[in-house]
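There are 2 protein chains.
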Amino acid sequence: MPVIFWLAPASAILALVFAYVFFKQMLGYDEGSAMMRKIALHVREGAAAYLRQQYKIVFLVFMAITVIFSFMAYGLGVQNPWVPFAFLTGGFFSALAGFIGMKTATYASARAAMAASVSLNEGLKVSFRSGAVMGLVVVGLGLLDISAWFIVLNLVYPAAESTHNLLIITTTMLTFGMGASTQALFARVGGGIFTKAADVGADLVGKIEAGIPEDDPRNPATIADNVGDNVGDVAGMGADLYESYCGSILATAALGAAAFLAQPAIAINVVMAPMLIAAVGIILSIIGIYLVKTDEGASQKKLLKALGLGVNFSAALIVVFSLAILYLLNIPNYIGIWGSILTGLLAGIAIGQSTEFFTASSYFPTRKIAEASTTGPATVIINGIGTGLISASIPLTIIAVAITMSYLFATGFSFHVSGLSYGLYGIGIAAVGMLSTLGITLATDAYGPIADNAGGNAEMSKLSPEVRRRTDALDALGNTTAATGKGFAIGSAALTALALLAAYIEEVKIMFVEFLNMPEFAINGKEGAVQAQHATFIDFIYHYEINLMNPKVIVGVFLGVMAVFLFSGMTMNAVGRAAQKMVDEVRRQFREIAGIMEGTAEPDYARCVAISTKAAQREMMLPSFVALLIPVVVGLIFGVAGVTGLLVGTITSGFALAIFMANAGGAWDNAKKYIEEGHLGGKGSENHKAAVVGDTVGDPFKDTSGPSLNILIKLMVMASVVTVGLAVAYSIL
Amino acid sequence: MPVIFWLAPASAILALVFAYVFFKQMLGYDEGSAMMRKIALHVREGAAAYLRQQYKIVFLVFMAITVIFSFMAYGLGVQNPWVPFAFLTGGFFSALAGFIGMKTATYASARAAMAASVSLNEGLKVSFRSGAVMGLVVVGLGLLDISAWFIVLNLVYPAAESTHNLLIITTTMLTFGMGASTQALFARVGGGIFTKAADVGADLVGKIEAGIPEDDPRNPATIADNVGDNVGDVAGMGADLYESYCGSILATAALGAAAFLAQPAIAINVVMAPMLIAAVGIILSIIGIYLVKTDEGASQKKLLKALGLGVNFSAALIVVFSLAILYLLNIPNYIGIWGSILTGLLAGIAIGQSTEFFTASSYFPTRKIAEASTTGPATVIINGIGTGLISASIPLTIIAVAITMSYLFATGFSFHVSGLSYGLYGIGIAAVGMLSTLGITLATDAYGPIADNAGGNAEMSKLSPEVRRRTDALDALGNTTAATGKGFAIGSAALTALALLAAYIEEVKIMFVEFLNMPEFAINGKEGAVQAQHATFIDFIYHYEINLMNPKVIVGVFLGVMAVFLFSGMTMNAVGRAAQKMVDEVRRQFREIAGIMEGTAEPDYARCVAISTKAAQREMMLPSFVALLIPVVVGLIFGVAGVTGLLVGTITSGFALAIFMANAGGAWDNAKKYIEEGHLGGKGSENHKAAVVGDTVGDPFKDTSGPSLNILIKLMVMASVVTVGLAVAYSIL
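Chains as they are written, first to last, in our numbering: chain A, 1 to 733; chain B, 1 to 733.
Just so you know, the hints here were simulated from the structure itself, not pulled from any lab data. Only a predicted model underlies this, so the values are computations on that prediction, with no experimental measurement involved. Cβ atoms here follow ideal geometry from the backbone N, Cα and C, with glycine treated the same way. Wrong hints could be hidden among the right ones.
Quick partial rundown of chain A residues pointing at chain B, CB under 7 Å, derived from the structure [to be verified]:
#1 I390
#2 P551
#3 V561
#4 S568
#5 M597
#6 A601
Please build the complete structure, drawing on both the sequences and the hints.
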């Protein structure tokens, strides 16, 4: 292993060390009054109980899949023997990242509330440093695991001996990504259903029917709502971005190996490049996190500037350092590849800006939605859906441009077929660039829910309204700085999914060659037809298997879109059903427990937590199985051609639907807040009620179905990569 | 021209003759009291005024496009000289079909109301025969125009001389389809915005705020609402299905010519087959229409049976007769092609059944949406969107199966590349089979709005409630029988779009060959690269231009999905904006015109009609231009590869979104009706109010954006076919 490689595991460990330091620092803060500690404990226990339940089920699912993978690897021989283990560790570390994030957040909420009662700055420090724990844990665990597998597999299949070995290493590591994605999907779907069932239930009965404010301790669903923030927004987001981070690095590495099959000396460097860019990104993130600090009594503007300074510092320096890394590694056309990285960063920023434009109440789209409330909830919904659909077209266009440019930069401005592999590598590394500073961008994203929870704690423990105002300000601040981070997350999802798709085709090539050397597989009689028509199997793959006029490919695209619609419909309905159960329960408690509204009796919080937990566990199964099974079933029926089409359909329509849902949900949320700020009649007006309907509809859009889709599109590709042997050897058609 | 060909124009003329007879018969009925005549006149004038306005604008658009096409044909030489004329006639006849349908409907409404006051059976006769006028006009004009162009072009490029000539004929005729689609898009988008602005506006203020019933003459928007039914549901639907009908025949004919380039004797028959199946379908439709009659005083069950008899008779016999035609024409593998037709019919029926299941209140999905009203409008919306998304997955799966089976039947159960063209022909003819009996299925579909309008007239002219009950029964009856017809329309849209896509690739091949023979076009230097790599240009196209790993193709798919989301968002927002204007106007009239609510003063109906007209004219432009320009722009930048990807993205995601919107809208509508029938608290309850919000959101879903998408997916392909020369000769990348 070249010496420079060790930068990757070293900086990963560094990230974990700093995460530990920040965690300890946070624990050193005062957790406040007995009441505050009690509420925090309630939330912490609820969240831990939920995650225990969820991990139990996910563990069983992982066991089942591992058994199948073991059978494929050792029984059928259609898989690498390391696959089952790689799959397991990916799942384990993804779960661990989510768990640590959740623990940190639940320890931090009361402390952040207490700190915010001292000053805004103190509140920022506690919540931001807690968010940084999550950011650094995600990147630290991610890069550490990638490095570890790279080292282990290199011992078994020495990359120095042949580039084919390197290709086996990188494609096996994709299985690790599939483990992470599978866990992330369960975390997002389950956590998303939990949090939105509680949120929608609490809002519908509490805010609309009983007329009590958000986070009021008289609302039986309020603890469940706060637990939901931790298991959905924090643990779910942690698992999600862990998956994105690893996925982008692994896919790019696999494409790097494929691009230089004939040149082993170059190949190893090209494979290491994404890991090393990520390593430098970690170091820059840590420095960036330390830059986020202000004087006592700083204005909000100054705070915003402080946060921006940290993020922008890291982003700017990664541009410089990635060029240095590419140069040092002797990457061919390193200026071009650097252009690809720049393209990715710019695309991420542009997507973030467009999200901001479509969802912030300072721009006209969200204002129009707010104004539609004067004609009732129906027009609020119509406008929100219309605006959401339109808003999706911008990131789709940006991604189209980004694909074109990052490809062209990498190939030296040519669409010639011979440059295909390297061009695809350019697309992959653009995603790596966006996510390389995830350590700090995730910190700015994750501290929002922490500040939000701190506000909840402040409300329930009846701290002065000033504290709530400060935590709200921190939350809002987070939303602004998080825009860029979210743009990176969304943009990288599309590019990573594409890079994974390209890696799938590479894996198909390996499989085809492998099976042809095994006389017991006749590839279903395809062999004869293939050899009659095509000079080589590679030619066959390009000419036939991924040809858009092949009806199997077209059928695949239809089924890919089908999978996306089915999956999002299922998750939407799951939230609907779970929320109705919550509403029934909250209504029952208001009716049956005397003295709740007067504050003389305590509601049964635990019961609401239990309802959300049970609903989330049950409802997350079916959509997740859909995601895992469809690629396998399509592969078994329609073969590689069907799967290729399937993935293209899923990636493109899934990406579009995810953005539509995220933006419509965000816009409804902010339209409601805009009215609550006193416009159009303000809180309690008919307009406000109409806007609350929009916000409620938007909840599962932006926090359940939308974010789950971002994982779905990658998981389906990885599931295809891992089960490619089945599609190649056993497909019916 | 073979003698058997003349069956096509002959049966087309027969259809028009019978349409004229039915029209005259309808005019012979009594138009009722002075009040009824006055209302009918109001609606008729409003609708005529709107169409005049619309056709004026569409005329200008057609002129502009014709100039561009003329320049392409005569200036650049990238187009056949007949293209501009074919384009114009397609638009003209599509508009004519819509106009005649609208005229018939507006003459029929008062007469149907009057007839319904005599008996249910009389009401059925008048409204069904009027619907039949529309059905027969659409198929008559469609097949007549196709035959006429086939005859004319055959004189210029004698098909008997070379199959290449036949290919030129069929691809030129596709331009005719583009004209029809362009007009249909304007009709659907404009009409859809008009009708939903009026409907939503009338409902929001009338039903919800003022608490007066539907179609109450005190509501200022009520005439506009009824005008809307005629220009949206009737004229829009007529233009829409005219486009579908012609599109399926033309696309299949083009593929037939391409499949047998080397065998002229076979080719001409394969090209004629779809026209002749359509011809027989017309004759069967006319017989079927005559079968729809019952005894005086028949029960509703018996009426339903009568309608079903006509539709099923035609559908069953077309199965038998199409086999005979294929046999007589000596079509290769005629049993297989017949299997493709059967596949199409079964797929259409299955899609109709799935629509029924997801949108009828007798099944649990719609019941669940109705029950969600107990927790308010937000859960109604969440459930409706969830169910709508899930419901889209069924037709997507059905279409995937239908593509596979109709392809395999045509090729004799092989996916071998050599069978590609004929397999695609099989997919096209499956769509022709579904639409061949459009004469009668459209009659059962179009008579619904006529019965609905009759009900409106009865309500406004204060006929006895019994009359309204009867027209409602007729309307409901129509909804039931129309399910199959709608299934055929939706299913055929997807299959036709695919067949058109295949025709696009054929056109690309012709263009490539053509430009290579013209030294002044270097095809942007592609030539060298191409020749270096590929044995033939055809090989180049298959290997590179439509290869899914070509980044230009992938970018195209992203942009195709983008176009769909942008278009539907724009149409949704257009309805939202127009409806808000209508609400403001109705509120203003209630406020300013004293005595409206007491019935002593007449509201200003004309003003509401004018508002809808103006809004529809303005709002229809931008989305329509998006549809027309995107394929051209993508072609000019990314070339054939980009366009191919674009079309695949548009077809698949557009189809999915169209069904989602249609089903969600239908389910909300019926959930509301279910509550109005007395369930869950009935009319006026909080549940009912929540369900009305769902219904209102569903209005633009099911009547504006959804149906427009069905046209969009075909129009974008046809626009690509017609401008293919630009993409081949002038693309930048």
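Against the structure, the hints come out as follows:
For I390 of chain A, the shortest C-beta to C-beta distance to chain B is roughly 3 Å, which falls under 7 Å, so the interface hint holds. Interface hint at P551 of chain A: satisfied, since its Cβ lies 5 Å from the closest Cβ of chain B, which is below the 7 Å cut-off. With a least beta-carbon distance of about 5 Å to chain B, the hint placing V561 of chain A at the interface is held under the 7 Å criterion. With its C-beta approaching chain B no nearer than about 5 Å, S568 of chain A sits inside the 7 Å limit, and its interface hint holds.
Interface restraint check for M597 of chain A: the shortest CB-CB distance to chain B comes to about 20 Å, outside 7 Å, so the restraint is violated. About 24 Å separates the beta-carbon of A601 of chain A from the nearest beta-carbon of chain B, more than 7 Å, and the hint is not met.
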